[in-house]
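Visitor: What follows is each chain in one-letter form.
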Amino acid sequence: MTDGKEGVLYAYGVVERAGVVECPSKGIDDAPVTVLEHDGVAILASVLSAKRFGARMWEEHAEDPVWLEEVARQHHGVLQHVAATGDVVPLRMPSVYTSEASARQMMDSRQQLLREAMQRVRARLEWGVKIYLDPGSEGASGDSTGERPASGRDYLAQRSEQATQREQGRQQRVTAVTQVHESLAEAAANSVSNPPQDSALSGRSEPMMLNAAYLVDRSRSESFAALARELADGPCARHGLLLEVTGPWPVYNFAVVPEP
Amino acid sequence: MSSTTIAETGDVALVDLLDRVIGGGVVVTGDVVLSMAGVDLVYLGLRVVLAPAHDVQSLRGGGL
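Those protein sequences? They're chains A and B, same order as listed. Going by my numbering, the residue at position 38 of the first sequence is 38; the numbering climbs one at a time, nothing skipped. Going from the second sequence to my numbering is simple: count from 1 and add 1000.
Careful, some of the hints might be misleading.
[Stated by the list, open to error] Not everything, but these chain A residues come out facing chain B in the computed CB check (under 8 Å):
1. Pro-90
2. Pro-94
3. Val-96
4. Gln-162
It should be emphasised that the hints constitute simulated quantities derived from the structure, not laboratory data. For each residue, glycine too, the CB sits at the ideal point set by N, CA and C.
Chain B on its own, in the form it takes in the complex (with noise of 0.2 Å):
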């Protein structure tokens, strides 16, 4: 990645992205919480749909 620029958004890998916007931030109290749970939830959700991609990759590299 360029040193000197920030990155365009579409260049963010998304788990970076998530760990730092629903991970980091100030928290303050809105009418709306995205609780911790939630926050596991969330990634809950993308493990499971990132799964599928991810076992084709490593049968790949298994030599299949």
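Extracted from the complex, chain A is given alone in its bound form (with noise of 0.2 Å):
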């Protein structure tokens, strides 16, 4: 690994040693992977040009998405092949050093929060749950009964035993929705509910009521999802609401260590 002046090295994540994970032939910029030991701590890696992804290159494109997202997407693909097979511990895009001697010493100040996150998601994945409001079945319980109003008393106690309904029927669904995420933090070894996406990103339109990452065994990974998808035909389906299952991550929820 070069310690010169065109290469940086990129971190990916955190690995308990080389040899235990399968590592994919190629990383950001089709650079090759590996894993980088040090005093019992492994971080997978790539040199990359510093012309391209030098601390500059950064601060050029940290407004511009159409970059960044290339450059995730290839970040996330290294994590995801090595957690298909073994556990990684995600870094924080970028965390990008100058040499390999910068990255040791971040190794060297960091080993014992690094070992404590691995210690938490070993053997472990992440799910990832959402649940949106069905603008189907908000519809359903509308303004429109039918029934004309006789009188100008009538219509008021008309919208006023709508409005009473309707906020009926949004508090059973919020009761509903904390009930499912307490059904699945259950079957997972951690949880964390994470606040809701902006729709102008996400480009879905209806409310979001639940946005949370679920940290599950390996060997649970399959009754969890089962379990995901019973409470979405099950009580999701019966309050209208929408509930999406995405995964299995890399644990990057369950990896962030506080700054000291």
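Dock the two chains into a complex; use the hints.
Guide: Take a look at the structure:
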């Protein structure tokens, strides 16, 4: 690996050690992916062109979604490949070092945190579950009852009753979402409920009612997915909720270690 | 999405990917840091890129 001027070291994630993971043949910018070991810690890394992936390029492309998307997909591709057969703790993009020595220094200073993160996610994968309000079902309990009110007072009474029903429906849906999340969390080793995604970014106009991730034992991965599908067809469908499952993912949501 | 196989990279929705790749993962001090402000900028940039397509869709949904 270079220590030189023309290359930067890009780190994708932390692994137990070399030899226990299956590296993909290519990483970002088609660079080879290798395992760099240092005193009981190991990282997946590529040496990238400093000209194309040095600090200046990240500054230059910080607001360039097209460039970032391409790199993010390649970063994810490496982790996904490794996670399919072995444990890896994702590092947040970008983790770029100007030299191998600089990366080793990081591994030295963060050794304990990285080991602890590895312990937490060992033999586990991440599943994502999102719940949306089904726009069709919301419309079904809408305003028109068909009956024309006989008087202004009847009209107001009707409106008030409809508002009460809507509020009850809303509360029931919120309760259902909470219960679904609790059922999934019980089947998982850990869970996190993230803020709803921006509809401009997701392209979904339905309100998002849950955006959660679950840390699941590999051995229970299948049954977890089956449980999610059961909840989608059962309580969610009954309450006009759409449940979507994604995964399994590398354990992005469970790798976060607070800065000291 | 299939439950048993790990999804192909191309199938992953961009917003799900970015939430995880730049919003998750271990934060270690690298020589380059995409700060929290930087993350927001990425989303802001994306919103600008995606907004026109989104507007067209909502117009269509409005029956125009």
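Visitor: Let me make sure I understand: some of the numbered hints might not hold for this structure. Which ones are they, in numerical order?
Guide: 4
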